[in-house]
Amino acid sequence: SQQGEEDPQALSIQEGENATMNCSYKTSINNLQWYRQNSGRGLVHLILIRSNEREKHSGRLRVTLDTSKKSSSLLITASRAADTASYFCLTGAGSYQLTFGKGTKLSVIP
Amino acid sequence: SQTIHQWPATLVQPVGSPLSLECTVEGTSNPNLYWYRQAAGRGLQLLFYSVGIGQISSEVPQNLSASRPQDRQFILSSKKLLLSDSGFYLCAWRTIGGYSGNTIYFGEGSWLTVV
Numbered sequence: 001s002q003q004g005e006e007d008p009q010a011l012s013i014q015e016g017e018n019a020t021m022n023c024s025y026k027t028s029i030n031n032l033q034w035y036r037q038n039s040g041r042g043l044v045h046l047i048l049i050r051s052n053e054r055e056k057h058s059g060r061l062r063v064t065l066d067t068s069k070k071s072s073s074l075l076i077t078a079s080r081a082a083d084t085a086s087y088f089c090l091t092g093a094g095s096y097q098l099t100f101g102k103g104t105k106l107s108v109i110p
Numbered sequence: 001s002q003t004i005h006q007w008p009a010t011l012v013q014p015v016g017s018p019l020s021l022e023c024t025v026e027g028t029s030n031p032n033l034y035w036y037r038q039a040a041g042r043g044l045q046l047l048f049y050s051v052g053i054g055q056i057s058s059e060v061p062q063n064l065s066a067s068r069p070q071d072r073q074f075i076l077s078s079k080k081l082l083l084s085d086s087g088f089y090l091c092a093w094r095t096i097g098g099y100s101g102n103t104i105y106f107g108e109g110s111w112l113t114v115v
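Protein chains in written order, with the numbering used here: chain U, 1 to 110; chain A, 1 to 115.
Treat the hints as calculated values from the structure; they're not laboratory data.
A quick note: this is a predicted structure, and the numbers were derived from the prediction, not measured.
Watch out, some of these pointers could steer you wrong.
Partial pick of chain U residues on the chain A-facing surface, computed with a CB cut under 10 Å [stated by the list, open to error]:
#	residue
1	N31
2	G94
3	G101
4	G103
5	K105
In this text, a Cβ means the ideal position worked out from N, Cα and C, and glycines have one as well.
Construct the complete structure from the given sequences, taking the supplied hints into account.
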């Protein structure tokens, strides 16, 4: 099954700073997605990037994908306390088995 | 629009008691359905997935089981709970195909504490 691994495991920044987290994977993919999980809640889809795309923006989010390095990064600009959450990547390659990594726990300090 | 309902939201069960968590999806047909478990402060563990009625794939052998009696209903069960079954259980669904065909939609989760 496909599984991405997020890095770092934990990240603490001041409000207003940018937050960058990474995802690495091992096999070919069709797309890659990022999800956010607030404490005690279900995951929420943030953004999907296809394998033929290199960069994608959505509001304060910027996602890059480097298929040659099998990695992706999620950048959150001008972070807010409300961005405090865990972030997960999910790789898609046509498999029904959708497995997540351990996530990056982001803490934004007001 | 599609919605997913998962219940109960919270439950405390004694060791050895049975378990039934239910999940239903509205506004879509023939979804892929998933059960995940998340231990405190940990990542998500895929437990079961289903691509159709009566079809269940198990990822982790354990004392849990899943059933899909209807197209949009997914049930997680146990005959006898263990302490290690405690955790946060998430139901999820997705459709196949289209640009966002891989997007997964999660329920709000069920907190299970086995005492």
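Non-conforming hints, listed in increasing numerical order = none
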